[in-house]
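Participant: Okay, here's what each chain looks like letter by letter:
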Amino acid sequence: MTGSTPTVDRHLTDRPPRAPAGLGIAPAESSRHGIAVASVERLGKRYGRRQAVDGVSFEVKEREVVGLLGPNGSGKTTILRVITGYLRPSEGTVRIDGFDVVRDGHQARARIGYVPENAPLYGHMRVDEFLHFMGRLRGLRGGALRRGIESARARLALEPVGDAVIGRLSRGYRQRVSIAQAVLNEPKLLVLDEPTNGLDPRQVIELRGLLRTLARDSAVLITSHVLAEMERVADRVAILLDGRLLTVHQLAGAGRGTSLRVRARADRADEVAVALSGLAGIGGVTREEPEGGLAGWRVEVSEAGAAPRVAAALCLAGIASVETVETASDLEELFLRLTASRALQ
Amino acid sequence: MTAFLALVAKELRALFVSPIAYAVIAVFLVLNGYGFAVTLIATKQATLVNVFFQAAVQLVLFVPLVTMRQFAEERRGGTLELLLTSPVREGDIVLAKFAASMGMLLAMVALTLVYSAILARFSTPDWGPIYSGYLGLTLLAGALVSIGLAVSALTANQVVAAVVSLGVFGMLWAIDAWAALLPSPIDNWVLGLSLLARFQPFALGAMYASDFGFFLAVTLLGLFLAVRGLARR
Ligand SMILES: Nc1ncnc2c1ncn2[C@@H]1O[C@H](COP(=O)(O)OP(=O)(O)OP(=O)(O)O)[C@@H](O)[C@H]1O
Ligand SMILES: [Mg+2]
Chain A
1 MTGSTPTVDR HLTDRPPRAP AGLGIAPAES SRHGIAVASV ERLGKRYGRR
51 QAVDGVSFEV KEREVVGLLG PNGSGKTTIL RVITGYLRPS EGTVRIDGFD
101 VVRDGHQARA RIGYVPENAP LYGHMRVDEF LHFMGRLRGL RGGALRRGIE
151 SARARLALEP VGDAVIGRLS RGYRQRVSIA QAVLNEPKLL VLDEPTNGLD
201 PRQVIELRGL LRTLARDSAV LITSHVLAEM ERVADRVAIL LDGRLLTVHQ
251 LAGAGRGTSL RVRARADRAD EVAVALSGLA GIGGVTREEP EGGLAGWRVE
301 VSEAGAAPRV AAALCLAGIA SVETVETASD LEELFLRLTA SRALQ
Chain B
1 MTAFLALVAK ELRALFVSPI AYAVIAVFLV LNGYGFAVTL IATKQATLVN
51 VFFQAAVQLV LFVPLVTMRQ FAEERRGGTL ELLLTSPVRE GDIVLAKFAA
101 SMGMLLAMVA LTLVYSAILA RFSTPDWGPI YSGYLGLTLL AGALVSIGLA
151 VSALTANQVV AAVVSLGVFG MLWAIDAWAA LLPSPIDNWV LGLSLLARFQ
201 PFALGAMYAS DFGFFLAVTL LGLFLAVRGL ARR
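Chains as they are written, first to last, in our numbering: chain A, 1 to 345; chain B, 1 to 233.
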């Protein structure tokens with residue numbers, strides 16, 4: 001604490017307006033709207049003498065999906081484990097909905113749903129039995145428990161394997177059970193450590209949808225090795241290297257980085273311009289150098305799903321040929337640059 | 001409470017899913033039945049003193065097999081992460097494992113009540129030592145289970161957990177033999193740590209508050225260490 005700049009946040013940490021433990025009343029600071037569901041402040045974690053995480057600060061706000069990105073061994077799992085209360089921080093503080101994970105651990109953990117790395121499960125239990133057990137651990141009972149299990153099973157398409165012994169499930173189904181367990185009681189913060197591991201493409205897409213749904217009324221913190229996946233689901237991405245936070249990068253939104261190259265006969269350029277102006281979901285159009293009697297445009301697509309629609313409209317009108325160009329994304333470039341520059345030092 | 005009961009149910013189920021519980025119970029019953037029959041035929045006396053001593057030795061040998069997996073397996077399989085990140089207290093997790101192990105062991109010991117029934121059918125046994133003997137076994141089991149859990153909470157390896165527990169139990173069992181070698185005031189303190197010396201009076205029908213307190217204290221210490229072992233992370 002010595003030598004640190006007294007910021008507003010510091011001030012709050014030093015004298016938190018705490019509610020009496022166990023009454024389930026959130027401290028006053030969390031009642032403000034849009035406030036951080038999880039706030040990590042100067043978090044450090046040592047394993048013996050090895051400093052695995054060092055001075056990491058970031059927040060996850062309501063209705064936000066934050067991604068943690070970093071090479072292997074950069075400390076992602078360690079950070080998630082501290083946030084979820086599995087590991088104790090060596091330095092710094094973590095608060096969930098205003099509750100300190102060390103001092104008010106019980107309250108903090110009650111607000112988190114957690115999908116650990118590699119989906120650890122009780123292999124001898126059946127799927128329904130396991131969900132039932134995890135629900136009861138979270139204090140659910142009776143109707144609430146039944147509804148929680150029903151909706152989790154439906155969301156993760158687990159109905160066909162309700163009676164299956166977990167130990168005999170495939171990797172992807174185990175992963176789904178692990179995710180189902182985490183959403184049983186609509187947590188305020190959902191923490192997922194590489195949740196797309198082992199999922200088939202359809203499940204990856206459905207998980208993306210599920211995360212969006214969940215992010216409507218909770219906050220999501222996720223790690224993944226798949227940059228493209230991260231770009232699709234996250235609003236912001238925190239990039240880690242050797243346990244330090246390099247930057248928190250705001251993503252512009254889904255669909256960024258996709259552009260279309262449109263070509264048409266030069267004499268039909270006007271028709272193309274008209275068609276383009278009448279289409280929704282177009283971010284910007286730049287005219288390219290004509291090539292061998294063909295005029296060219298580069299069309300930036302601004303919203304998710306618009307690219308195929310725009311392409312289809314132009315093609316069907318029979319006036320142009322369209323080529324989709326997946327330009328190297330911001331995130332990919334940023335990540336490679338950041339991690340490469342550090343690696344050289 | 002919901003969470004605690006769910007934990008106990010899960011632990012009981014886990015004990016009986018593995019073949020260890022059945023093997024332990026079966027061997028325990030066979031050895032005790034044999035011992036009971038042989039002593040009864042040889043001495044023709046309506047007592048269970050021998051059965052109690054045998055049962056105590058077997059508890060020392062078998063409890064490590066029951067407790068070794070409890071935390072070690074959860075730690076290695078990663079399921080400890082699920083438990084510790086749930087809104088349950090570490091104490092509840094430890095107590096649930098303790099309750100389930102004790103439930104299994106006491107059910108096993110209770111099966112030897114058949115012998116008292118046999119004695120009662122054919123003679124009039126002195127019930128005092130029988131009550132105190134069962135109480136002694138219960139207290140001993142509690143102390144052993146809690147130490148076993150503490151050891152299991154400190155390692156991710158079942159075999160290590162079993163070997164270390166067995167070593168600790170063996171030392172505490174036989175420590176009275178070494179106590180004799182020590183100088184005067186210390187030898188009595190060390191003798192006081194001997195499980196055998198503490199258990200003996202119960203088997204013979206004498207109950208002392210100090211022995212009672214000893215087993216209770218060891219049990220609480222073991223549970224405390226198990227919670228500390230879980231909290232250290
Ligand atoms: N229990 C532990 N004991 C000692 N060191 C550990 C432990 N867990 C992790 N570490 C070390 O801490 C560092 C960060 O590990 P962590 O698992 O958090 O990385 P990660 O970013 O999740 O990596 P990955 O992408 O491979 O999952 C690594 O160097 C790792 O070796
Ligand atoms: Mg990891």
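Hints in this document: simulated from the structure, not taken from any laboratory.
Keep in mind that the hints are not guaranteed to be accurate.
Said to hold, decoys possible - Which chain B residues face chain A? A few, computed with CB under 8 Å, are given here:
#1 2
#2 3
#3 79
#4 84
#5 89
#6 91
Said to hold, decoys possible - Take a look, some chain A residues computed to stay more than 10 Å from chain B by CB distance:
#7 84
#8 109
#9 123
#10 138
#11 332
To be verified - Computed Cβ-Cβ distance ranges for the label pairs, DEER-style:
#12 A:49 to B:207: 47 to 57 Å
#13 A:49 to B:163: 49 to 59 Å
#14 B:193 to A:49: 28 to 38 Å
#15 B:231 to A:204: 53 to 63 Å
Note that the Cβ used here is the ideal one computed from N, Cα and C, for glycine as well.
Participant: All hints, please: hold or fail.
Facilitator: Hint by hint, here is what the structure shows:
1. 2: With Cβ-Cβ at 5 Å, under 8 Å, it holds.
2. 3: holds, 5 Å
3. 79: Hint on residue 79 of chain B: holds, closest Cβ of chain A at ~5 Å, below 8 Å.
4. 84: holds, 5 Å
5. 89: Where the cut-off is 8 Å and the nearest Cβ of chain A is about 7 Å from residue 89 of chain B, the hint holds.
6. 91: At about 11 Å, which exceeds the 8 Å cut-off, the nearest Cβ of chain A leaves the hint on residue 91 of chain B violated.
7. 84: Violated, because the least Cβ-Cβ distance between residue 84 of chain A and chain B comes to about 4 Å, which does not exceed 10 Å.
8. 109: violated, 5 Å
9. 123: violated, 8 Å
10. 138: violated, 6 Å
11. 332: At roughly 31 Å from the nearest Cβ of chain B, residue 332 of chain A sits farther out than 10 Å, so the non-interface label holds.
12. A:49 to B:207: 47 to 57 Å: holds, 52 Å
13. A:49 to B:163: 49 to 59 Å: violated, 29 Å
14. B:193 to A:49: 28 to 38 Å: Check passed, 36 Å falls within 28 to 38 Å.
15. B:231 to A:204: 53 to 63 Å: Check failed, 37 Å falls outside 53 to 63 Å.
Hint compliance for this structure: hints 6, 7, 8, 9, 10, 13 and 15 are broken, all remaining hints hold.
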